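Participant: Protein sequences, first through last, are from chains A and B. Position 24, counted from 1, in the first sequence is what this note's numbering calls 24; the numbers after and before it change by one each time, with no gaps. Position 241, counted from 1, in the second sequence is what this note's numbering calls 241; the numbers after and before it change by one each time, with no gaps.
None of these hints come from the bench; they were simulated from the model. Any given hint might turn out to be false.
One copy or any two copies: either way a pair holds, since identical chains are not told apart in the list.
Derived SDA-like pairs: lysine to any residue, alpha-carbon spacing no greater than 20 Å straight-line [to be verified]: (1) Lys306 x Asn282; (2) Lys376 x Glu178; (3) Lys433 x Asn180; (4) Lys472 x Glu228; (5) Lys346 x Leu374.
These figures come from a predicted structure and were not determined experimentally.
Protein chains: 2
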Amino acid sequence: MDLEKLFKPKSMAVVGISKRNYLSPGRIILLKNEFEMDVEVYGIYPGGGQIEGIKLYDRLDKLPEIPDILVIAIGPDDTLGYIQDCVDLGIPASVIIGGGFAEIGGEGIKRQKKLEKIAFENDIAVLGPNCIGVYAPPLVDTIFSPTERITRPPKGSVALISQSGGFLIDQFFVKFKERNIGVSTAVSIGNRAVVDEVMLLEYFSKIDKETSNIAFYLEGFKEDKAREFLRLAKESEDTVITFFGGKTSEGKVATQSHTASLAGDFKIISAALRQHQIIQPNSERELLTCLKVYDVLSHRKNPFGKNVITYGDVAIVSVSGGHGVLASDMLRKYGLNAVEFTDQEKKDLKGLMNPVAQKIASFNNPIDLTGSVLDKDIEDIIRYLSEIERIECIILLLLPYPPNISFQIGRRIANIVSTKNKPLVCFIPYVSKYSLIIESLELANIPVFHSIKESVQAVSALKHRTRIENIKSGNIFWE
Amino acid sequence: MDLEKLFKPKSMAVVGISKRNYLSPGRIILLKNEFEMDVEVYGIYPGGGQIEGIKLYDRLDKLPEIPDILVIAIGPDDTLGYIQDCVDLGIPASVIIGGGFAEIGGEGIKRQKKLEKIAFENDIAVLGPNCIGVYAPPLVDTIFSPTERITRPPKGSVALISQSGGFLIDQFFVKFKERNIGVSTAVSIGNRAVVDEVMLLEYFSKIDKETSNIAFYLEGFKEDKAREFLRLAKESEDTVITFFGGKTSEGKVATQSHTASLAGDFKIISAALRQHQIIQPNSERELLTCLKVYDVLSHRKNPFGKNVITYGDVAIVSVSGGHGVLASDMLRKYGLNAVEFTDQEKKDLKGLMNPVAQKIASFNNPIDLTGSVLDKDIEDIIRYLSEIERIECIILLLLPYPPNISFQIGRRIANIVSTKNKPLVCFIPYVSKYSLIIESLELANIPVFHSIKESVQAVSALKHRTRIENIKSGNIFWE
Numbered sequence: 001m002d003l004e005k006l007f008k009p010k011s012m013a014v015v016g017i018s019k020r021n022y023l024s025p026g027r028i029i030l031l032k033n034e035f036e037m038d039v040e041v042y043g044i045y046p047g048g049g050q051i052e053g054i055k056l057y058d059r060l061d062k063l064p065e066i067p068d069i070l071v072i073a074i075g076p077d078d079t080l081g082y083i084q085d086c087v088d089l090g091i092p093a094s095v096i097i098g099g100g101f102a103e104i105g106g107e108g109i110k111r112q113k114k115l116e117k118i119a120f121e122n123d124i125a126v127l128g129p130n131c132i133g134v135y136a137p138p139l140v141d142t143i144f145s146p147t148e149r150i151t152r153p154p155k156g157s158v159a160l161i162s163q164s165g166g167f168l169i170d171q172f173f174v175k176f177k178e179r180n181i182g183v184s185t186a187v188s189i190g191n192r193a194v195v196d197e198v199m200l201l202e203y204f205s206k207i208d209k210e211t212s213n214i215a216f217y218l219e220g221f222k223e224d225k226a227r228e229f230l231r232l233a234k235e236s237e238d239t240v241i242t243f244f245g246g247k248t249s250e251g252k253v254a255t256q257s258h259t260a261s262l263a264g265d266f267k268i269i270s271a272a273l274r275q276h277q278i279i280q281p282n283s284e285r286e287l288l289t290c291l292k293v294y295d296v297l298s299h300r301k302n303p304f305g306k307n308v309i310t311y312g313d314v315a316i317v318s319v320s321g322g323h324g325v326l327a328s329d330m331l332r333k334y335g336l337n338a339v340e341f342t343d344q345e346k347k348d349l350k351g352l353m354n355p356v357a358q359k360i361a362s363f364n365n366p367i368d369l370t371g372s373v374l375d376k377d378i379e380d381i382i383r384y385l386s387e388i389e390r391i392e393c394i395i396l397l398l399l400p401y402p403p404n405i406s407f408q409i410g411r412r413i414a415n416i417v418s419t420k421n422k423p424l425v426c427f428i429p430y431v432s433k434y435s436l437i438i439e440s441l442e443l444a445n446i447p448v449f450h451s452i453k454e455s456v457q458a459v460s461a462l463k464h465r466t467r468i469e470n471i472k473s474g475n476i477f478w479e
Numbered sequence: 001m002d003l004e005k006l007f008k009p010k011s012m013a014v015v016g017i018s019k020r021n022y023l024s025p026g027r028i029i030l031l032k033n034e035f036e037m038d039v040e041v042y043g044i045y046p047g048g049g050q051i052e053g054i055k056l057y058d059r060l061d062k063l064p065e066i067p068d069i070l071v072i073a074i075g076p077d078d079t080l081g082y083i084q085d086c087v088d089l090g091i092p093a094s095v096i097i098g099g100g101f102a103e104i105g106g107e108g109i110k111r112q113k114k115l116e117k118i119a120f121e122n123d124i125a126v127l128g129p130n131c132i133g134v135y136a137p138p139l140v141d142t143i144f145s146p147t148e149r150i151t152r153p154p155k156g157s158v159a160l161i162s163q164s165g166g167f168l169i170d171q172f173f174v175k176f177k178e179r180n181i182g183v184s185t186a187v188s189i190g191n192r193a194v195v196d197e198v199m200l201l202e203y204f205s206k207i208d209k210e211t212s213n214i215a216f217y218l219e220g221f222k223e224d225k226a227r228e229f230l231r232l233a234k235e236s237e238d239t240v241i242t243f244f245g246g247k248t249s250e251g252k253v254a255t256q257s258h259t260a261s262l263a264g265d266f267k268i269i270s271a272a273l274r275q276h277q278i279i280q281p282n283s284e285r286e287l288l289t290c291l292k293v294y295d296v297l298s299h300r301k302n303p304f305g306k307n308v309i310t311y312g313d314v315a316i317v318s319v320s321g322g323h324g325v326l327a328s329d330m331l332r333k334y335g336l337n338a339v340e341f342t343d344q345e346k347k348d349l350k351g352l353m354n355p356v357a358q359k360i361a362s363f364n365n366p367i368d369l370t371g372s373v374l375d376k377d378i379e380d381i382i383r384y385l386s387e388i389e390r391i392e393c394i395i396l397l398l399l400p401y402p403p404n405i406s407f408q409i410g411r412r413i414a415n416i417v418s419t420k421n422k423p424l425v426c427f428i429p430y431v432s433k434y435s436l437i438i439e440s441l442e443l444a445n446i447p448v449f450h451s452i453k454e455s456v457q458a459v460s461a462l463k464h465r466t467r468i469e470n471i472k473s474g475n476i477f478w479e
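Build out the structure end to end from the sequences listed, making use of the hints.
Facilitator: What follows is the structure, given as structure tokens:
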């Protein structure tokens with residue numbers, strides 16, 4: 001099934017527009033695409049006329065062209081008729097926003113079966129039903145919530161596929177924006193009657209050139225689809241990441257009434273995912289952390305060059321002892337190790353510091369530079385650590401509270417990392433007044449996190465990806 | 001030892017002011033207290049003169065009054081002389097900002113021993129050394145970082161004691177502000193040579209009337225102090241919360257070089273803490289969640305009235321199925337249960353919804369109201385659930401993306417909770433455009449969280465506190 005028209009449509013028609021209710025989903029979708037997106041959009045309304053100055057067409061067959069996609073935002077009873085119109089007119093793709101299908105049981109299941117039959121027999125790429133659809137910037141946005149209510153993520157390398165529309169726009173979009181993680185295409189699959197996770201994995205792996213990381217939020221695989229999914233993931237050159245909701249029995253009950261799926265036995269699934277080189281974050285936060293580092297490293301200018309993290313050996317640099325302690329606490333949990341410094345190295349490090357801080361700083365790993373630190377101390381220490389080969393990654397806990405730390409600090413560190421290519425992840429508190437420092441690092445594609453935990457998780461995520469890439473490229477045969 | 005002068009000083013002197021370097025810690029502390037805080041502040045500078053229009057005094061004995069507190073922001077060599085001045089002049093309290101004591105070993109240990117001897121023999125309440133001091137609004141702020149670099153938390157019920165100054169101003173202050181958790185007094189204890197966790201627990205429990213929750217971030221108890229700490233905590237009418245850094249062996253090594261303490265065997269400590277009715281969050285996030293609900297419930301207008309959470313039986317209400325699934329997933333981990341609705345209740349709930357949403361909403365627990373929800377539906381559902389006695393708490397996952405949810409929704413829910421007194425915690429995404437909804441709930445002291453996890457943790461935190469209060473009040477004798 002060809003999904004290109006679903007995600008890269010040139011033209012689109014919308015049914016389910018209300019002239020009276022300006023909050024009706026169809027009307028919202030028509031207007032946001034007309035005013036904000038690049039797709040050519042046509043509204044269908046029995047009797048024609050116009051709303052907000054936009055001409056409405058009486059019927060689908062009266063449009064000036066056959067649209068690439070039909071968005072159906074009406075009740076379940078009339079939906080199938082419109083899918084039949086797609087067949088009759090040769091519209092290759094459709095998004096069904098509304099519910100009232102398998103998720104409600106009884107009648108709904110029969111209705112969904114009919115939908116599947118028409119779509120598969122006629123090769124119509126139907127997304128949904130019971131979904132919020134597609135966000136594929138700059139072309140199309142079928143999310144029925146007004147855009148001003150949504151937080152749109154930046155453009156980037158991550159294709160995001162979610163079984164929950166609410167999760168997509170809230171947990172993902174909001175946090176992607178907060179963390180500056182870029183999205184190529186976001187897809188809400190809803191009941192995935194036709195277009196499912198396997199088709200999407202294939203499309204984003206093999207066809208879509210903008211995507212290099214494919215992330216799934218699923219509550220379970222579609223029946224009989226797990227095997228094919230695993231095979232495609234193993235073959236994929238992209239990094240495939242899955243995160244499952246509904247792992248507990250309570251969650252499973254919730255899932256059943258939500259998208260009519262079964263979560264299955266999570267332990268078995270998890271082992272299979274691992275064997276097929278799929279990244280499995282343990283929490284939503286870990287998922288976001290993975291996506292952030294993978295997105296950053298998908299940039300053409302990857303500041304870490306060819307350096308990868310194989311063993312997880314890190315140096316921690318902090319200006320606050322407590323922050324160093326907390327980061328150290330987390331290393332083992334994430335399969336990482338604090339490198340031990342030699343006496344000579346400790347002496348060298350001390351020698352790089354200003355005379356006041358020298359007396360009170362501590363040069364074990366974590367290094368505590370104290371509040372008496374100057375910009376230049378940090379710069380010199382990072383440069384020195386970058387030369388030590390057995391350090392695979394530096395975790396810099398950069399609190400901008402010491403009075404002598406300047407707004408130049410981010411740029412100065414970025415310059416060192418971009419030159420030395422030593423992997424470095426940075427913690428900086430998420431406070432708007434420090435966004436200048438954050439931006440100066442992120443402009444150079446150096447990942448900045450706003451919790452100590454995430455900065456540690458990030459190194460672990462990089463280590464996981466190294467392992468997977470080694471296996472995929474045949475550098476490791478055991479596993 | 002009387003700590004009142006340390007936290008409620010009327011007057012203060014500062015030594016360690018540089019006329020040349022406007023970023024010297026003493027100068028920053030002098031100016032921020034002169035310009036921003038209520039304390040009467042005097043600067044000491046050999047030769048006198050002035051900076052920024054503030055008169056400086058030649059020596060301590062030339063001040064117009066004996067100050068309540070002396071802030072010492074100079075190198076370790078001259079610090080002891082100033083502590084002797086406190087003895088000679090009758091200054092009852094001092095904050096030593098600088099390091100160079102036990103944390104550097106050797107000479108430093110000797111120096112700290114001398115300091116302890118003078119302070120204990122003469123009953124001087126010395127805070128530090130190697131600390132950032134005290135933030136006790138509106139009186140005093142000895143944090144040596146310029147205030148514009150700091151994020152100050154709101155005023156409230158939590159006394160916050162931290163062994164790490166960096167942790168205090170970053171992990172705590174920033175996140176307290178983000179989450180709207182109020183602080184009565186914040187204390188960085190540094191090397192805790194004299195004033196330690198036991199004295200502070202006693203002071204905030206027994207003397208300070210503004211505090212009703214006492215939170216400690218420690219890397220370990222001070223030698224021989226654990227027993228007394230436990231006894232005081234058990235007797236305290238306030239809620240005592242401890243969170244330990246340095247639990248792993250890596251963390252322990254880091255701790256030793258940081259504040260010269262040993263983390264001890266965490267498992268043994270943890271069992272003892274539990275037996276003494278001390279709340280022990282498992283993560284920094286859980287800690288913040290606890291403090292937020294406890295702070296909220298310390299308000300005179302507690303919207304939950306006398307209703308407490310004993311068994312952890314909850315109803316989850318969401319407008320997004322995926323959010324409901326995720327919350328359900330977490331219940332068991334946090335010792336909570338989803339109440340089962342009877343068929344009649346499900347029918348009633350359905351009957352309360354608008355006709356469109358009624359067809360697609362789901363009335364198991366979690367309840368999924370779908371994106372077709374109206375304000376009135378949410379209001380009616382919450383009111384109905386509030387009447388069901390076996391529901392101890394409602395978790396409302398309120399995503400404001402459905403087009404019909406209005407800016408009134410927060411106020412409408414707040415009114416129901418304030419009237420019915422059914423405990424309710426709310427998840428609302430942390431997006432600035434939704435702050436109006438967040439504020440309308442928080443103004444009525446209804447706790448709002450910005451992650452699903454935290455909203456579940458919050459109910460668990462309330463359940464923990466019920467258990468502890470039952471034990472303390474003698475309602476439960478077994479444990």
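Participant: Which numbered hints are broken by the structure, listed smallest first?
Facilitator: Of the numbered hints given earlier, those the structure breaks are 1 and 2, listed in rising order.
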